[in-house]
Structures are given as C-alpha cells and as structure tokens.
Amino acid sequence: MENKEYTAKDFSSDQEVRWCPGCGDYSILKQVQSVMPLIGVPKENIVFVSGIGCSSRFPYYMETFGMHSIHGRATAIASGLKAARPDLSVWIITGDGDSLSIGGNHLIHLLRRNFDTNILLFNNQIYGLTKGQYSPTSEKGKKTKSTPMGSIDHPFNPLALCIGADATFVARSMDREPKHMREMLIRSNDHKGTSLLEIYQNCNVFNDGAFFGMTDKATKLNQTLFLENKRPLVFGENEHKGIRLDGFKPEIVSLNDFSLDDLWVHDESDRVKAGLLTRFFDIDFPRPFGVFYSKNKPTYEDALIKQIDEAVKDKGKGNLDDLIKGSNTWTIQ
Amino acid sequence: MENKEYTAKDFSSDQEVRWCPGCGDYSILKQVQSVMPLIGVPKENIVFVSGIGCSSRFPYYMETFGMHSIHGRATAIASGLKAARPDLSVWIITGDGDSLSIGGNHLIHLLRRNFDTNILLFNNQIYGLTKGQYSPTSEKGKKTKSTPMGSIDHPFNPLALCIGADATFVARSMDREPKHMREMLIRSNDHKGTSLLEIYQNCNVFNDGAFFGMTDKATKLNQTLFLENKRPLVFGENEHKGIRLDGFKPEIVSLNDFSLDDLWVHDESDRVKAGLLTRFFDIDFPRPFGVFYSKNKPTYEDALIKQIDEAVKDKGKGNLDDLIKGSNTWTIQ
Amino acid sequence: MTQETVEKVVIFFAGDSGDGIQLTGSQFTNTAALHGNDLSTFPDFPAEIRAPQGTLAGVSGFQISFGSTEIFTPGDECDVLVVMNVAALKANLKRLKTGGTIVVNSDGFDRRNLRLAGYENDENPLLDNSLTNFRVIEINVTKLTRECLLDVNLGVKEKDRCKNMFVLGFVYWMYNRSLDHTINFLTQKFKNKSDVLDANIRALKAGYNFANTCEISSSRFEVKPAKMTSGKYRNIMGNQATAIGLIAASKQSSLDLFYGSYPITPASDILHELSKHKNFGVRSFQAEDEIAAISACIGASFGGLFGVTATSGPGVALKGEAIGLAFMLELPLLIVNVQRGGPSTGLPTKTEQSDLLQAVYGRNGEAPVPVVSASTPSDCFESVMEACRIAIEHMTPVFFLSDGYIANGAEPWLYPHSKNLKKISVPMTKVNNSNYLPYKRDKKFVREWAIPGMPGLEHRVGGLEKENLTGNVSYDSSNHEFMVKTRAKKVDEIANYIPKQELDAGSKNAQVLVLAWGSTYGAIKTAVKELLNEGYSVAHAHLRYIHPFPKNLGSLIRKHDKILIPEINNGQLIKLIRDKYLVDAIPMNKIQGIPFEAREIKNRIIELHDGE
Amino acid sequence: MTQETVEKVVIFFAGDSGDGIQLTGSQFTNTAALHGNDLSTFPDFPAEIRAPQGTLAGVSGFQISFGSTEIFTPGDECDVLVVMNVAALKANLKRLKTGGTIVVNSDGFDRRNLRLAGYENDENPLLDNSLTNFRVIEINVTKLTRECLLDVNLGVKEKDRCKNMFVLGFVYWMYNRSLDHTINFLTQKFKNKSDVLDANIRALKAGYNFANTCEISSSRFEVKPAKMTSGKYRNIMGNQATAIGLIAASKQSSLDLFYGSYPITPASDILHELSKHKNFGVRSFQAEDEIAAISACIGASFGGLFGVTATSGPGVALKGEAIGLAFMLELPLLIVNVQRGGPSTGLPTKTEQSDLLQAVYGRNGEAPVPVVSASTPSDCFESVMEACRIAIEHMTPVFFLSDGYIANGAEPWLYPHSKNLKKISVPMTKVNNSNYLPYKRDKKFVREWAIPGMPGLEHRVGGLEKENLTGNVSYDSSNHEFMVKTRAKKVDEIANYIPKQELDAGSKNAQVLVLAWGSTYGAIKTAVKELLNEGYSVAHAHLRYIHPFPKNLGSLIRKHDKILIPEINNGQLIKLIRDKYLVDAIPMNKIQGIPFEAREIKNRIIELHDGE
Ligand SMILES: Cc1ncc(C[n+]2csc(CCOP(=O)(O)OP(=O)(O)O)c2C)c(N)n1
Ligand SMILES: Cc1ncc(C[n+]2csc(CCOP(=O)(O)OP(=O)(O)O)c2C)c(N)n1
Ligand code: SF4
Ligand code: SF4
Ligand SMILES: [Mg+2]
Ligand SMILES: [Mg+2]
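Chains S, V, E and P supply the protein sequences, listed in that same order. Convert by adding 700 to the 1-based position in the first sequence; the result is the number in our numbering. Convert by adding 700 to the 1-based position in the second sequence; the result is the number in our numbering. Convert by adding 465 to the 1-based position in the third sequence; the result is the number in our numbering. Convert by adding 465 to the 1-based position in the fourth sequence; the result is the number in our numbering.
Next comes chain S alone, as it looks inside the complex (with noise of 0.2 Å):
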C-alpha cells in the first residue's frame, strides 16, 4: 500500500464492532481512528496491544498490526516490542481492571523503564467483561456482584499512583469529550517515552452513569477542570470560578473576588503540583481534565540500543566462531 494521505476510514478494520449499544468504547474508537491519520506514521508501522476486557476487543477494529494479548500483561508485550522494535509506533489498549488489578505490576514498571509506548486506560470503574464486578478503581461502598453489601477496597488513585512510579506523561480525557480526546491522543503520541492517558469511559450496563455529574449539561462546568499549560485553573460557568493555591493547600474561589492573577497557573513540568491535581479526586473538586505532568526522559529502547551500538563499537560486531572457541582450546591429533 502507497503511503497515501489516510483518513479515519483507513484505519477501520472489516470486523464487526461488538460493544454494547450506547458504550463508550465507540466514542474513543472513532476518535483513535481519526487521530491516526495525523500521526504521520505508516499504518504499517501502528501496534495496537490490548490485554483483556470489553476495552481490550479494540485492536480487532484498528486497521493495524494488533494483538489481544491476555489479562494484564499488554504493558509487558508492548515492553517487548518495543525493546525489538523501536520504529515502531505502539499503542497499549486497557481496562482499570486489566491494568489496575491484574495488571500493575506491568504498568509501574513500564513507567519507570519509560519505553516510549502510549497507554489508554479505558476507565469505567467496573470489570465490564465479566459482567459488573467493582474494579480497583470503584468507589468503596459500590454494590455489584461480588460485594452485595458494598465493597470495602479503597480505591486507587490511578494518576497518583501513576505519578509515584514515576511515570514520564500523565493525562486525562473522557468518552464524551471527542474533542479534547483528541488533543490528548495527540498529545499522547508525541511524547518521547510512556504516555499515560485515563480515558474516563461510561459502561451503560454495569456502572451506567459513572462519571454523569461531569457530563451532564447541569453540573458539567461545576465538576470539570480542563487543564492548559501556562493557564490559570478556571472553571464553572463562564469561567467565573478558579483554583489559587493557600501554601500546599488549593482552594476554589471565585472570580469575582479574585482575579486571574491570583490563581494556580499549570504547569505541566511541575510534578509536585501534578501530584496535588490527581487528589482533586478524594475532595470536593472539579476533576481535572488535560496533561497533568510531562516531562522528557531517556526511553529505554534508546539505551538499550545505545548499548548495543557501543558493544559493536567496542568489540566488533560478534563473530560467531570466535564466540563458539572461547578463550581456551586445545588440538587433539
């Protein structure tokens, strides 16, 4: 195939899509496909991996390389890939079960190693796939299957717990919001070393509603925070309320009392206050949306293949004889 000019349909596979009517799974895969075609990279190039989940069908509908690995182990796979494939565009497809629960081990070591491979996490606070048990990301108290009485696992926080493994990247998006989806994907994609993007996803069947307060057109404004580097944190209805920093402690404030240059300005270089936007979370907060912490590291790959280089260089390229004698021969007449 020439490497054309692609549109979103270039990247549609023939198979039939499998989600639930009305999931939010089908948002997110339109707005993959239509981001594909501004990455520059030659279809052939795009991995998509995925672990196991209703998330995890994704790569049967990306015309791309793909593989529907098993339960939590996408990040390890991708490692891999990586490692052996650099040139490689690779886009890791999971669930807050299959990177949370089964999966994060392989998750916060990926972060640490930073292999330059993006990660969306299609959060919808339930195990979908298996038909609606609590995930480590359900609020305690929920009711499902497995916890008729509620259950009693305090969450994680996925972006905090993210950032404490140290992870390069770290971002939020939402099924609803097509348009910042987008951005983020995009912003996903041009950071050099691992990307982390929570994609807050609506399961309508098991946790129908998760996330209704931020995106029902009433209480919206109120309980979102859309995140822009440089920019003040300003949010609710005509951007009349902001977010200023009392020492560690932020407070919400209105725009009446104080003006913009009061406020808490982001800056996605700054971890310790990424830190602090991932607890708008346990408190009475907007959730913020939008690149929480960027910052450039050394990839993995690259030093590893930096390694081999310097090996070649040092030694020669390995000769295989050489290697088979050793050091040590004798002749036997």
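In case anyone wonders, no lab produced these hints; they're calculated from the structure. No residue lacks a Cβ here, since even glycine has one placed at the ideal position from N, Cα and C. Worth double-checking, as some hints may not be accurate.
Said to hold, decoys possible - Derived Cβ-Cβ restraints for the label pairs, each shown as a range:
hint: 1; chain 1: S; residue 1: HIS940; chain 2: V; residue 2: SER954; range: 41 to 49 Å
hint: 2; chain 1: E; residue 1: THR951; chain 2: V; residue 2: ASP787; range: 30 to 38 Å
hint: 3; chain 1: P; residue 1: GLY483; chain 2: E; residue 2: THR935; range: 29 to 37 Å
To be verified - Derived lysine to aspartate or glutamate pairs resembling DMTMM-like cross-links, with alpha carbons at most 25 Å apart:
hint: 4; chain 1: V; residue 1: LYS995; chain 2: S; residue 2: GLU951
hint: 5; chain 1: P; residue 1: LYS895; chain 2: S; residue 2: ASP710
hint: 6; chain 1: E; residue 1: LYS954; chain 2: E; residue 2: GLU858
hint: 7; chain 1: E; residue 1: LYS973; chain 2: E; residue 2: GLU535
hint: 8; chain 1: V; residue 1: LYS831; chain 2: P; residue 2: GLU513
hint: 9; chain 1: P; residue 1: LYS887; chain 2: S; residue 2: ASP1022
hint: 10; chain 1: V; residue 1: LYS995; chain 2: S; residue 2: GLU839
hint: 11; chain 1: P; residue 1: LYS905; chain 2: P; residue 2: GLU932
hint: 12; chain 1: V; residue 1: LYS949; chain 2: S; residue 2: ASP970
hint: 13; chain 1: P; residue 1: LYS1016; chain 2: E; residue 2: ASP1049
hint: 14; chain 1: S; residue 1: LYS1006; chain 2: V; residue 2: GLU839
hint: 15; chain 1: E; residue 1: LYS654; chain 2: V; residue 2: ASP1021
hint: 16; chain 1: E; residue 1: LYS954; chain 2: E; residue 2: ASP941
hint: 17; chain 1: V; residue 1: LYS842; chain 2: S; residue 2: ASP816
With the hints as your guide, set chains V, E and P with the ligands onto chain S.
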C-alpha cells in the same frame, strides 16, 4: 507457655542464622527480636510471613509462627491471613526484589486496602540470594552480572510509589541505626493499618557500601536527615543546616542565615509534603529517615468483620438447611 | 384439537438478549418441576455482553428437557423451538428435529430484523418454504401483547417487555400447565410495581387464552409427572450447588470459609453466590489477580480457616506456583476450576474438559494433588464436599473440576438434610501438645495442624524442602527423597478413604465399558440406558475421584473387552488410564465447546459393540 | 616412589567457600584437557550465599573425573579427596572409595575449625583412627604457604589466599602435570597485580616442589591422553553452551535474539552470559518477573525477533498462561527450563528432572508444546539449536529442558565450525503478498509470518479461538474443533522433521533397553558400556526429542524384553511412554538432588538382566 515478660532471647529460634558474615540482615533481626517483647503480644499471636530472598529467610530465626513463602507473594498471603485472623500481629518480611519487582502488584494492593500489617522492606538495592543482579531500586548505570554495561532502567522510588498507592504509613530506617530502627519498628507496630518501613540494608557481598555516605562518620551527618514530627528539618554537624520551603521548592539553608522558625516543620499527617520528602533522592539532598507519613484510615479486616456481623444481625446466623433448600421446592410423594 | 400424552419434550426458547428469555425458561422449568416432571436445563448466552439487538450475536437461548421418565441432559434435538425474532430462528433452527414445532413471533420478522439477521432482498424464511419440514405456529406476539395492554398505564417499551409472558402463557397452554407458579413469582418480583405486575399477568393470561381460543395450535400435550424418588426437591445450577457445598463443608468441619477469587467466566457466579452469605461467616475476598487470590487462601488456611479459590483454566495456569507451595506446606486448600474452552483465552463462554492434565501435572517438581470432579449440576454439591473433606482431613490442596456446562446447567435436586451430611474431621493438634512436631504424621501420613494462637506451638513452614518431622529446612539428599515419596504416599493413601468405583449402569462383564468423568455424565447415562434396554452388553462407570483413582478401578475396567472414554477434549483422562493400567482404551473426543449428544455416544457404542 | 599408570581418576577438591576451590578445580580441569585427557566435572556449591567460614554449610566442592578412556560423568566414587579444612572432610568423606587418598591441609584441623565442623571435646578425625581405610597425606598447607611467601609484600590474608595454589601444585605433581597452563592463566589474571601474581606462582611451585622433595607421597600417577576424536576442543559448561547455542540459532536464522528473563537459580547464568554479548545484537531484558519476561518475548517475537526466556521450575509455573497465548498466536518462542529440585522452592541449588510433565501438560486447554532436552553440558549447544529450529521453522513455542547438573557441569567439547551448523529457515511471508492470510498453513501445517512494517499485511492476533485462515475471532463449534486438531497436528508433524531415534549403544534386540532423557546420559552411558564389555545384552536409547517422540520410537523400544527408565524424579518420562506405547516399562528413580552413579544403573540392569 505462660504470658510472661519476654526478653529478646525468647524470640530467637533454634535455627542457625545463615546470612553472610557482615550482612546487614543481622542487625535488623536483632532489633526486631529486641522490639518484640515491647509490643505486648503473646508470641503465639505473632506471625512473620516472607517471600524469597536472603532477607526472606528471616522468619526461620524468629520463635513465633512463620511462613517462608514464594517469591513476591508474602504481601498477598499476609492479606489473607489478616482477613482470616484479625487478632494476630502480622509482619511481612520482604526484599527490594521480592516486594518491588515480582511482588509490586500485591504490595500496592495491600497498601490501598490497608490491612493492619507491618511490612519490613529490606532494601539492599540488589538481588542477594540469586547472587547479584540489579534490582528495581538499583541506581541507573549499575554494573551487575546481568548488566555488564550498566543497567538502563530508571529505579523506583519505593516510598513515592507507596504514597502514590495511598499507603497510610510510610517510614524509612537503616541497618546501621539500631536505635532509630527500634523506634521505627515500634511506630510501625503502633500504626493501625498497613505500615511500610523501608530499611536500608547493606549487602556486603554483592553491593557493599550502597549506603556508605549515610553510614560513614565523615559524611553521615550531611547525608542524612532524621525526621521528627512537629520539628523543623535540621541536619549536619551540630544540626547547623536546615531545610526551608521556597513555595514548593525545598532548599538547604545554613542556620547562620536562617532561624529555626524559617524552616520546614515536619508534619506526618501531610501527604503532599511527605511526597516531597520522598523525592530527596533524585537530588542532592540529605536522605530522610523516620516517619514520612502516617494517617488513620479504616482497615480492610475491620470492614470485613463488620459486614459479617451486620449480615448476621440482619439475616440471623446462617442456617444450612435453609440455604440448601432455597426458596423454591416441591415434594414428590 | 388433540391432546397427546408424551414421555419427554425438549423446548428451546430463543430471542434477543433483551427479550427475557432466561426468565421465561426458568419459569417454565419451575412450573415443570412443580408438576413433578424430571428435567434438565441449559442456558445458551451470547458471547458478547450485549451485542446489537436483532443480530445473530445477540441471541440468547434456554433449553429444557422435561419428561415423565428420568431426564439426564437438556436433550439432543429439540421438539419445539420458540423464537422471538428471525435471528433467533436462524441461529437455532439446526437444533430442531424434523417435524418439530416452531412457535414464532412473526412481528420479529420485519424488514429491520431480517436485515440485522443477514437476510438480503426481502428474503424471509417464513415465506420461502424453507420451513416446510416443520410445523410453524406464527403469532403476532408484539401486536397481541400491546393490544392486551392497551389500557395499562405503561410506555410501549415497558409493554413490549411483557412479550415473553405472552409466549410463556401460550406454551403453558400447549403443555397444559398451571399459571399459578408464575403468577406467584411475578407477584413477588413486582410487589412494588403494580402496573408492571398487572401487565405481566395480563400478558401471560392473554397468551394462554389466545392459544385456547384461536385454535392456531391444533394439539395439546400432556407430560405426566415422572416416577422420581420421593422426597423434597429444588432446582439447582452447578455453580450454586458448588457454593452451597462449600458452605456445607465449612459447617461440617467447623472451619470458617475464606473464599479468595478473581472474577473469570464461568466461575464468577460462585463468588457472587458466596458473597451473599456472609451470615454464614463466609469471608469472600475479590483479589487483584489469581495469584493473590490463592495466596490469600494459603494465608487464611495457615491462620486456621479453610481457604478456597475458584477460577477457570487461564487462572489455574497462574496459580501453579502457589499450589506447589500449599502442597509443600501441607495445608488444606481447595482449588475449583470451572473449565471453559481453551487453550489460552479460548472460548470463554463455552464448555470444555481440557484442564484435567493441567490439574494433575501442571506444577514444577513432584507435587501430586488430589483431583475430584463433578458430573452434573446437583452433583456439584456432594462432590465439592468430598473435595473439601479430602483437603481438610488429608491436609492437602485439592482440585475440584467442574465446567461451564455443569456450572450453568440446572436440574432438580433431591436435596439432603444437613444432619445426614458427613462430618469432616480436622487434624488439629491439641492445644497443649508439648510433643508437637509440624511434620509428624499419623497412619494416613497426614501431619498434625497447629495454628497461630496456640501457645508453645510456634513453628515455621516454607517452600524449601523440609526435614522430616521438624519441618526445618533440609538440604539432605536422602531426606529429600524420603519427603517426596512420603508426600506422594500420603496422596495415594487417600484411595483408602474414598468409595470403591461402582458401575453406574450395566453389568461387570459387559462387552463395552464407557468410562468417563465430569459433565459427559448425562449424555452417557442416557445412551447406555437406552442401549441396555435394547439388549446391548454395555456398562458405564463415571469417575468422581481422578487422583488418586479408586483402588478397584484397574480390576473393574479390565473385565471389559472394550473401554470407550468419551471426553470434551482431545483425550486427557485416557492418558492417565493408559499409563496406569496399560489398557488400550479407545478415545472419543468432541471439542466444539458443547456437550455430547446422547445419540452420538450411543452410535459410537453400537459401532464398537457390533465389531469394528 | 612409584609411578603408576592409571586409566581414570576422580578427584574431589573441597574447602571453604573462600578457599578458591572452584578456581583450583577449573585449573586442574584445563590442564588435564590440554594434556589430552577426556574429562567431566561438576561443582558442588553450598546452598547459602556465604555460610560462616569453617562450617559444613560453607563447604564448596569441585569434582573432576579424567582419564585416558572416554569419560561420561564426573565419577561415582572418588579416588582422591583434597580437603582444606575439617568441615570439607566431614562433608565429603562419604564420596571417597575405600583405599582412596586424602590430601589434607592439617592446618584446617585446629580447635576452632573442629568446633565449627561440629566436633566436640577434642575429637579430631585425623587422630582417632577413623581414617584407617584411607591413605592420608597430611600437609601443613597454611604454614608452608606462608613460609614460601615470607618475603612477599602482602598481608597474611592475601598470602593465605594462595593456599589453593600450593595444593594445586601438589596435586599437579601427583599426576605428573605441567604447571604451564596455570602459570599462563595467573599471569593473565593478575597482570596488574605483580605481587599477587608472584605469590600465586610461588605457592604453586612450592606445592609442586614440596611433593617432589618431601616424599610424603610415595606414588605418582600417569594418566595418558585419551583417544579422542581429533579436532579442536574447549571445555564448556551447560549454561554457557546454551547461551552460545542461542546466539548461534539467532545467526543461523538471521533473527535477532531477544532474551527476556527474571533471575533464578540455576538459570541466571544464561542471562549473565548473554548480556555480555550485546555485540551479537542480543537484547537482554531483565524483567520484573517471569510473566513479564515471557510476555516481553511474545511482544518481541510478534515484532519479528526471536524471543527466548529462561527460568527454572517455579518460574515456568508462572509462565503457563502466556505459553498458552504464544501457542495460540503460533509465534516462535523458546522457553528454557534449567530444572532444579522441587516441588515449590524445593532445593534450588540441587538438580532434578521433575518438570517434564509440567512442560508437556502444564497449561489450560489443549496446548501441546514441543519439548527438547539436553543430555550433557556440551550437548546443550546442539540441542538448544534444535529447539530453536523447531520454534522458528514450525512457528510454535518450544520447551528446552536442561537441569542444574548439566548447567553447572563441564566437559570437553569438540566444537563445530559455524559453517557446519544447520541453517534455520524462517517462514516469513513475502513483503508484497497480496493473498496473505495469517492462519493459512503450508504442508507442515505451519502458518506464514508477517510482521509489523510490512505494508498491506496488517492483521490482528489474539488468544481467543480464531477462524481458520483469517485468524478472526470465531465462536463457531466446528471451527474450534478443527483448529484444536490442526494445532495438535502441526506439533505432531514435527516428528517428520527430526531425526529418527537411534540406539546410543547396544544392539536393537538387546534384552534390556535403558531408555532415558536429559542429564542421566553420562551415568547410563558408562554403565551400559561396561556391561556391553562384560557381555550383557543391553542397549541404551537417549531421547533428545520428547514431544513429539521420534516416529520410530515405538518400534524401537518394542524390540526389547525389558525397558528400564531411570530418571531423577518420581517417574515422569515413563508415564508418557506407557501411555503412548502401552509397554510395561520399569521405573528407576532417584530423588536426592544428585545424579545417578553409573554403578547404581549398572546394578539395576544386571538385576533385570539376570531374571527378576
Ligand atoms: C487470567 C485471567 N483472569 C481473569 C479473566 C477474566 N477477566 C476478563 S476481563 C476482566 C476484567 C475486565 O475489566 P476491565 O479491565 O476494567 O475491562 P472492561 O471490561 O471494563 O473494559 C476479567 C476479570 C481473564 N480473562 N484472565
Ligand atoms: C518465581 C521465582 N522467581 C525467581 C526466583 C529467584 N529469586 C529468589 S530471591 C530473588 C530476588 C532476591 O532479591 P531481594 O528480594 O532483593 O532479596 P535479597 O536477597 O536481596 O534479600 C530471586 C530473583 C524465585 N525464587 N522464584
Ligand atoms: S459491558 Fe459495559 S464496557 Fe462492556 S461493552 Fe457493554 S457497556 Fe461497554
Ligand atoms: S548475599 Fe548480601 S544480602 Fe544476602 S546474606 Fe549475603 S550479604 Fe546478606
Ligand atoms: Mg473496566
Ligand atoms: Mg535485595
């Protein structure tokens, strides 16, 4: 055995201790044995659970109940034990490989669930038992058997990771600081919820001197910072240096130029500042020891028992025949 | 209109996932049960959570076989197919026997539905003579339901949800059934929604009356009550029976149950069921993965509770290392595997028996673990109790194998009274045992158990080889051999504490022995019974205990000329049998994610019997 | 003084872990090799990293068997025991044959050492007549070494580190060996430390001269060069040969090697070795655990490299699920298991063959994976290359089984030239294959491979059952059966692409056939050779390919009256053989963490041969 006054000796089993001569594990064993009599628990109610590694041989040397389990799973085993037996004092012994490499996921899940257990993480920044490969806490560039050209993985910051996982108690001590270690062990024990105590431990065979600067007379005072709650951060010879905050940025100051009142005052209940302290690691700061963060939060096992009690209250103690019968029966004559 | 009496009927209800097919099926089941029929059922869920309405992928089904004779399977071919739309017809027509009846909601055959089901250009199976081999009863169910609810104060969507009751009413009439049970059920279910209750009952009665009056259906059938053992019955699904059996084992051993699990199809329902029964002291724990689940169970068992973990094949693959640890520690532990189609993720919603060798051999080192299996939904109760008994009385991890077919299938269960259940004795040491040695053994080679809280009995266990008696770490060569052999002997010894193998049917010198395990039971039972009636020399032995085998198994099987081993896999039990008894057993394998049909088994037996 | 010529000698060097025993042993080995002897060696490490000096737990040993005949094992009984302290004597005396020689550093028998070794009350084995059955040569090694280094400018500790050279010099004299090789070695090793170099050479020579002059040792032995195939030799350990074989396979297939592993004894050395060879394009990746290691390999293989992961038993237990995935994906992948004592953590530093059934059956579902095994240290090279060849040419995960004994044992290797190595052909599709179907197969049933970067060949793979040819997800019943059988057939078909099984020794109608696999090779070879010389009717077949078996195996084994299967486990290969061929093979098992001795095998064969 009568519930008498114990001495450290009562906690020493009949098994010969088999670490390398000079290993930091000896000191930790000694401090634990000497602290046990102070926690006021009959020794038959104490359980030590470990994974695999040099450090994980620990339970064999304790005259309590104990399990030397499999690699990385001590945290998961202890979770089940504590859920089953909330009355027990449960101690988890683990190494940096055991807890942060293979066992990373169970560790963070234990922390979020907040079972009331005590984790002693022996961090020697190396795999001891398998004879010297780098670990997830080894510094980048480390030459080991598996990385003759130097490791290329960015290491975890264990305490930052644990705080990211919503740990409720996070502290650090060192093999060469017996008194401080005893204090930290007692604090860990006293905390209701999961206590994570990282202990720097010298592996004199495969990673000798990893913490040299923090133990050597000449450098120690400048490279260590002992935290005390509600006290300003001071360190150095004659405590003549301090740390103050310039906004979110910590800086080292001389007490010639600043007074104690100008300094950052340690507050164990402040998670954001605890996070900052864990980052005295990447940078050229003294390494903090002590309790970074401590916060009371309900434990998993209490919530579990509460649900059982409630279920009994609501539905009465389960009647097996009713259960077998179900709600829909018929009789064949 | 005629009224015929028949012995046995197989009905398949099918419709869209949203059509309430499972409810319809279970109502019909309960009514049949109350009528005194023997029966067996199996639901057929779509693989997708909720595939688009009207498509083949979205079809949900429910099969019931009921009769006045003994019923062992949900049936091979169906007598009646009830379909709510054209996709349901297309997907399931193959199940219907020639001459069978199709009850059709013809409103589900409109252009949209036809297109969604993949019919192009106005094709319509109702119009193209493709159904001439069947008796087709077309009913405008949607229209009729709406009509009978005209004056009910509900939206169209809600009214349409009553379609299934209309159909159910119609089928009740066909089989001359009372509406009482379903009316009671609806009254209970909708006690706070009088409008909905009213609508459902109306639709039910309307369907019944429609059949009665319209004479569209010219015949009515009578299925007399079966001659079943007298006693009290309930209907039960396999996973339910497993869950209840676990609680019973907990009671009978006085060990509280700790259930650590990670959700996976088709095992999750055991977790769901158990988590409802906290008032039995059940501690259910949804772990972060399968390894954590079993590890937590090991911790709980170490603490003196009874740890049970359940999963399916891929989850078992993850637990292998921890099972080895439990085996070394010699603690009671149950691993339930509700098998599904493999390998890898395979066919998660389909049934298979392909994890047997994994259960027997899937660990490093010499780590034999007892394996117990269930043969029918209700058998899960007794067999899981047996698995628990072995785990606790013999201090060992034990595998309990069920599968998707048993797990979701249902049948009437002559349930026991708790006072008739076996007690399970726990080899707990005495509190003041001053001679306690953790790895001292009794005559069964079982070690004594001491748990935290017992003063003076502090000891350490672990996964390294241990010294005999003391349990201290030992690198001694001959101690290792001794311990490996002793642990194996302990497991072999269990053969002395389980029943001898008996024939389920047939005589001990029959020409052909059908030897099997697990969910193939019903189909084999049906086939062998029929063949015995027809005078064939055939017998059936069904294994509950697979490791160790019952002591007499070798002598039992050697009495037969030919041994046929049907399995829903590529041949696994047969490997164990051939290895152990050196008999040239004959495999019969089906690997289609679905159970054997009785007639398949029957035909194969006849082939073997009549020469070959 | 006498000079005797002997055919074969077994020496065991033993001392504290700090005494440099392994170095001593390997120097003696290399010198013997250069002398033209055949030989075989095995190190015996303590289980602890560094147990306290002087204790039994701290003893390190090195066994070498060398001779003028063919040598297949490091030897059963030792002729000479060289001990640096009393603990070393106590721990290893049982290895010495009656009448054997003990070379003793008597300075290692002081009160402190005696106490540490567990002797009480001034007991001392040198003084209590307990060694009367042996010839004891006492030397004050410590004292003599210090004396010869009096004027060297080193501390006592450093001087004492030369003790091993003194002893080595002594033993060199006993066997009439040249010091040249060791002097060269030392010169290389200490090229920047002239003091240390000087001290070592002096001690070496002092030991030699001491023996020469003191006449403490009354006899000297000559072991002539062996008649070995002419050619170039090197000494090689199993793990080394495995690592080199992997690189060779990478070269021969032109696929870069991706090696993902998590450290575990005794497999780690492969990781260590490979990570030294980055200039061969080897990408070594130390993963966070075994699951991540194999997952990364699957990713790398998907990307078109060759993924290899190595571990030991407990690690394999963790990889089961991912192996199933690789099997479904049909990607090349090698899983190396360097087996150790099990079950669970077991005996990590000891050898065992108890993971065979895990390799064959340890996964969910029907997922047969080829299994290849190595029989000797040098055989690891060729057999691992064969395993790689199968993985790549047949697009499948493959198990390669080694064990602790082979991994750490060493022997001379008549190494090949790379141009004589088999090429491995990669079933990669053509770049512009417009008819590409990911699961279309060739006549071997092998699918064509397309990797990312190939335009137009984009496709998706996964662990769900796939449709034939397209690889799309398929829930179809008969497709599933077809795919399960096809995948099995593909693996069975490999039997057509491996050599037929041959007898290693003996004739094809011999009365007793010894059938075995893996590291039992040397002991069996020795035993059978001796028995053939003595006129017994015995033969030996040693399996490299265990799944599938070579095609002629059945007919080959059925020609023998009795089939003996010795294994370092509780009977695993025997299960496969009995199942497959229905022969009543006879097990012979040793589960002591140590290899068979040739004489054990010999005795058992004689028993079988002479009736029973
Ligand atoms: C080893 C293993 N364990 C369990 C499962 C069952 N399982 C499949 S998906 C899933 C969780 C799905 O939740 P999530 O990752 O949040 O994805 P979602 O379906 O919500 O998109 C589970 C438990 C499995 N397939 N494999
Ligand atoms: C499943 C499994 N994988 C690998 C190993 C090998 N192993 C034992 S301990 C260990 C790491 C030890 O490092 P650490 O946890 O830091 O403990 P330390 O020895 O340094 O105290 C490894 C890789 C094992 N025993 N089990
Ligand atoms: S179950 Fe939920 S997450 Fe899964 S496809 Fe349906 S709506 Fe989406
Ligand atoms: S190897 Fe290191 S950590 Fe292990 S016992 Fe020796 S000194 Fe301690
Ligand atoms: Mg989810
Ligand atoms: Mg360590």
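Here's how the hints hold up against the structure:
A beta carbon spacing of about 46 Å between HIS940/S and SER954/V agrees with the range 41 to 49 Å that was offered as a hint. Checked against the hint of 30 to 38 Å, the C-beta distance between THR951/E and ASP787/V comes to roughly 33 Å, which is consistent with it. Range check, GLY483/P to THR935/E: about 30 Å between beta-carbon atoms, so the 29 to 37 Å window is met. Pair hint LYS995/V plus GLU951/S holds up; C-alpha atoms about 22 Å apart against a cutoff of 25 Å.
Taken as a hint, the LYS895/P and ASP710/S pair is honoured in the structure, with Cα atoms around 23 Å apart against an allowance of 25 Å. Between LYS954/E and GLU858/E the alpha-carbon distance is near 15 Å, which keeps this suggested pair within the 25 Å criterion. Distance check on the hinted pair: LYS973/E and GLU535/E sit about 23 Å apart at the alpha-carbon level, within 25 Å; holds. The straight-line distance between the Cα atoms of LYS831/V and GLU513/P is roughly 10 Å, inside the 25 Å bound, and the hint therefore holds.
Pair hint LYS887/P plus ASP1022/S holds up; C-alpha atoms about 18 Å apart against a cutoff of 25 Å. Using a Cα cut-off of 25 Å, the hinted pair LYS995/V and GLU839/S holds, with the two alpha carbons roughly 20 Å apart. Using a Cα cut-off of 25 Å, the hinted pair LYS905/P and GLU932/P holds, with the two alpha carbons roughly 10 Å apart. A C-alpha spacing of about 10 Å is found between LYS949/V and ASP970/S, which places the hinted pair at or below 25 Å, so the restraint holds.
A hinted pair counts as satisfied when its Cα atoms are at most 25 Å apart, and LYS1016/P with ASP1049/E qualifies at roughly 20 Å. A threshold of 25 Å between alpha carbons decides the hint, and for LYS1006/S with GLU839/V the separation of about 18 Å falls inside it, so the pair holds. For a cut-off of 25 Å, the pair hint linking LYS654/E to ASP1021/V stands: about 24 Å separates their Cα positions. A C-alpha spacing of about 20 Å is found between LYS954/E and ASP941/E, which places the hinted pair at or below 25 Å, so the restraint holds.
With a C-alpha separation of about 22 Å, the suggested pairing of LYS842/V with ASP816/S holds against the 25 Å cut-off.
Violation of the numbered hints given earlier is absent; every hint is satisfied by the structure.
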